[in-house]
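Those protein sequence lines, which keep their order, are chains A and B. At position 172 of the first sequence the residue is numbered 172 (my numbering), and the sequence of numbers has no breaks. At position 41 of the second sequence the residue is numbered 41 (my numbering), and the sequence of numbers has no breaks.
None of these hints come from the bench; they were simulated from the model. None of these values were measured; they are calculated from a predicted model. It is possible that some hints are incorrect.
Unchecked claim - Pair ranges (Cβ atoms, derived): (1) ALA189/A - THR30/B: 35 to 41 angstroms; (2) PRO122/A - THR170/B: 27 to 33 angstroms; (3) THR11/B - VAL546/A: 28 to 34 angstroms.
We put the CB at the ideal spot given by N, CA and C, even for glycine.
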Amino acid sequence: MKLNGAQILWECLMREGVDVFFGITGGTVMPLYHELSNYSIRSITMRHEQAAAHAADGYARATGKVGVCLATSGPGATNLVTGIANAQMDSSSVVAITGQVASGVLGTDFFQEVDITGITMPITKHNYLVTSVNDLAQAVREAFHLASTGRPGAVLLDISKDAQQGVTEFAYPESVNLPGYKPHVHGNARQIRQAAEMINHAHRPLVIAGRGVIIANAFDELLALVEQAQLPVVTSLLGKSGLPETHPLCLGMGGMHGESYANLAMQNADLIIGIGSRFDDRLTSSAETFAPNAKIIHVDIDPAEIGKRVRVDLPVVGDARNVLRELVKMVHKADHTSWLEQIREWREETRTHDILQNECDGLQPQYVINQLWEVTKGHALMVSDVGQNQMWEAQYYRHLRPGGLITSGGLGTMGFGLPAAIGAAVGCPQENVWLVAGDGGFQMTLQEMATIMQEGIPIKMAILNNGFLGMVRQWQELFYQGNYTGTPILGPDFAKLAEAYGVRGMTVVNSSDVRAAIEQANAYPGPVLIDFRVEREQNVFPIVPVGQPIDNMIRRPIRKA
Amino acid sequence: MSAVDPNKESTRRTLVGLMEDKPGVLSHVTNLFRRRNYNIESLSVGHSEIPGISRMTVVVNGDDAVVEQVIKQLYKIVNVLKVTDIDDPTAVMRELALIKVHAAPAARAEIKQLVDIFRASIIDVALESLTIEISGTEDKVDSLIAMVRPYGIKELTRTGRIAMARGNTTTSVNKQINN
Ligand SMILES: Cc1ncc(C[n+]2csc(CCOP(=O)(O)OP(=O)(O)O)c2C)c(N)n1
Ligand SMILES: [Mg+2]
Numbered sequence: 001m002k003l004n005g006a007q008i009l010w011e012c013l014m015r016e017g018v019d020v021f022f023g024i025t026g027g028t029v030m031p032l033y034h035e036l037s038n039y040s041i042r043s044i045t046m047r048h049e050q051a052a053a054h055a056a057d058g059y060a061r062a063t064g065k066v067g068v069c070l071a072t073s074g075p076g077a078t079n080l081v082t083g084i085a086n087a088q089m090d091s092s093s094v095v096a097i098t099g100q101v102a103s104g105v106l107g108t109d110f111f112q113e114v115d116i117t118g119i120t121m122p123i124t125k126h127n128y129l130v131t132s133v134n135d136l137a138q139a140v141r142e143a144f145h146l147a148s149t150g151r152p153g154a155v156l157l158d159i160s161k162d163a164q165q166g167v168t169e170f171a172y173p174e175s176v177n178l179p180g181y182k183p184h185v186h187g188n189a190r191q192i193r194q195a196a197e198m199i200n201h202a203h204r205p206l207v208i209a210g211r212g213v214i215i216a217n218a219f220d221e222l223l224a225l226v227e228q229a230q231l232p233v234v235t236s237l238l239g240k241s242g243l244p245e246t247h248p249l250c251l252g253m254g255g256m257h258g259e260s261y262a263n264l265a266m267q268n269a270d271l272i273i274g275i276g277s278r279f280d281d282r283l284t285s286s287a288e289t290f291a292p293n294a295k296i297i298h299v300d301i302d303p304a305e306i307g308k309r310v311r312v313d314l315p316v317v318g319d320a321r322n323v324l325r326e327l328v329k330m331v332h333k334a335d336h337t338s339w340l341e342q343i344r345e346w347r348e349e350t351r352t353h354d355i356l357q358n359e360c361d362g363l364q365p366q367y368v369i370n371q372l373w374e375v376t377k378g379h380a381l382m383v384s385d386v387g388q389n390q391m392w393e394a395q396y397y398r399h400l401r402p403g404g405l406i407t408s409g410g411l412g413t414m415g416f417g418l419p420a421a422i423g424a425a426v427g428c429p430q431e432n433v434w435l436v437a438g439d440g441g442f443q444m445t446l447q448e449m450a451t452i453m454q455e456g457i458p459i460k461m462a463i464l465n466n467g468f469l470g471m472v473r474q475w476q477e478l479f480y481q482g483n484y485t486g487t488p489i490l491g492p493d494f495a496k497l498a499e500a501y502g503v504r505g506m507t508v509v510n511s512s513d514v515r516a517a518i519e520q521a522n523a524y525p526g527p528v529l530i531d532f533r534v535e536r537e538q539n540v541f542p543i544v545p546v547g548q549p550i551d552n553m554i555r556r557p558i559r560k561a
Numbered sequence: 001m002s003a004v005d006p007n008k009e010s011t012r013r014t015l016v017g018l019m020e021d022k023p024g025v026l027s028h029v030t031n032l033f034r035r036r037n038y039n040i041e042s043l044s045v046g047h048s049e050i051p052g053i054s055r056m057t058v059v060v061n062g063d064d065a066v067v068e069q070v071i072k073q074l075y076k077i078v079n080v081l082k083v084t085d086i087d088d089p090t091a092v093m094r095e096l097a098l099i100k101v102h103a104a105p106a107a108r109a110e111i112k113q114l115v116d117i118f119r120a121s122i123i124d125v126a127l128e129s130l131t132i133e134i135s136g137t138e139d140k141v142d143s144l145i146a147m148v149r150p151y152g153i154k155e156l157t158r159t160g161r162i163a164m165a166r167g168n169t170t171t172s173v174n175k176q177i178n179n
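Extracted from the complex, chain A is given alone in its bound form:
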């Protein structure tokens, strides 16, 4: 069958199971869009390419499939960069497709020519510059394979215009030929046995679960293991929703803004079992002072993560699900009564600091999240932006849906939330998708409300509007003598703005109206934005100052009732 490059691309995408992509057209991708009408692949036109990349990322995280975004050469391609870096940092399966100028003029600074393979080299798992139609199918096949296997990541396919237009005999490649790429998915049996041994002998064991658990779909396996051996679990931000967060063994998020009992558990454990977590600095703080009394087992599919930040006593390279399945067979039933009792005590003590237990004036952002959690019963597919709003979501929303939190962890990209929520909702149309965003980050990609309306995507948006780049303001308050330079921000009337886009808009000023507003929005069939005018100078506590041991926390102030 003789096809042109554009047809070959779509043929390949169909075979990879792609039924939707997020993109913006332009000169060098016109041949692609031109052929699209013959294929049953949904094209979602975004309003900015960065948003297209985040949408593909959100789609990938929500569905476990590869998310695809598409942009034209030059500015289209450079606009993707933040989204690509974000996906790569959080191991999200994204294939980004860009048009490129014709191969004959490559390297001449042609109109809208940019070296996007060069630019994205350090922020992709791999990338391809395809300049001949004959290489296209193989490159597409490999790109999808790389993006979705091993440790997932972002792969860029840069396709010159002549490669899109050239004609060749199409045959879908049977296999990939990547001799340098052989992910280890099965853990070494001896090391797994050793890990079981160590768990069986530990007195104060603790699991640290990262996003690897979610990527590997290891929810049941993790739960089976921790119940069997009564292992308490701390998660990283990206590990949240890897196990039901109301489970008594789940201590929630640890780290810079982790609950104090989670951080105390890390520092007092005698064995840490890291599963699919890269022991990021936001989780461990200073690596030298992290978990001083613990031996560390590190299970990860990426060997380069092992020993990168913290010392590791036993590495297990493999897919979390495979490893956990084997491990659970060898781990003895245990109760760890005194250790769990100790953690329970820390937890009780923490409750006295809980802002929800204390009386305060004004509309508290924590309360908004708490109500969101109650109304959606922990089952919403939550997407958060970056900043204080993200941390409050992480602290107060206890996820019950496996993989129910999508957030930008590694890169911390403001503006990720709305487009990622679009991607998630497109991938999971039956789910209740809620966005939590700050007034700052929301304004970085709010143009996508147009996409929401055009595509009929019924997501709910909760803006925690504090009139500040709040997280930075908090640091200024705590560490820069309260010098609020560059952090106060004016926003539009978000509800009116939403209405201008055809989205239902609401504004909440009083605590007493929070519940009803969330209930209304939740029941409404279309998209809704709620502008919560929260207390402007609320802080996220606990907070561990940068570089301090992770149990050196500035706690929540206890207010008198």
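Since the structure of chain A is already known, use the hints to place chain B with the ligands on it.
Positioned in the frame of chain A, the structure of chain B with the ligands alone reads:
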């Protein structure tokens, strides 16, 4: 023996890598060193015994943990097939240098003598200069350079280290290529 001067300091290590000879691979490798802040002393790349596979020798500064990370990160590059730490004392390490020295007629005999002592060779002669070719360990190359410096070095180029294990040990690809 002149050839063996294993670098005893644990901070300088020699890695040999094999990679597919495809566009962008070398730039990927060098990019990695820069991006991850690895301290590279030299990098030398050329063909290997297998068509389509290039071989690189990297001299990297760092302790065991750094070297382990470098190896693992190199492996993450999809087109990198194999990386070995070749830092054993018996491995053969060589560097090639070309040195163009100022050589007034009166100095030629002296320079020629030095070149002979080092078992180097003079590969080009001009009115005012001689070009010397030397291969050997970096130390040997360093020494010759130091010896001829007083005459005036007009131009100098060094290849960086290449290395190979002795005996039957090889760094070669055990994975199937072109399956
Ligand atoms: C693209 C981007 N620019 C800047 C930052 C630095 N930054 C981190 S949090 C934050 C403030 C976010 O403000 P807002 O979105 O209003 O959320 P809040 O913290 O107030 O909840 C900033 C500026 C970032 N993370 N991402
Ligand atoms: Mg704000």
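Outcome of the hint check:
1. The hint said 35 to 41 angstroms for the Cβ distance between ALA189/A and THR30/B, and at roughly 38 angstroms that hint holds.
2. Restraint check, PRO122/A to THR170/B: a C-beta distance of roughly 32 angstroms satisfies the suggested window 27 to 33 angstroms.
3. Here the CB-CB span from THR11/B to VAL546/A is close to 29 angstroms, well matched to the stated 28 to 34 angstroms.
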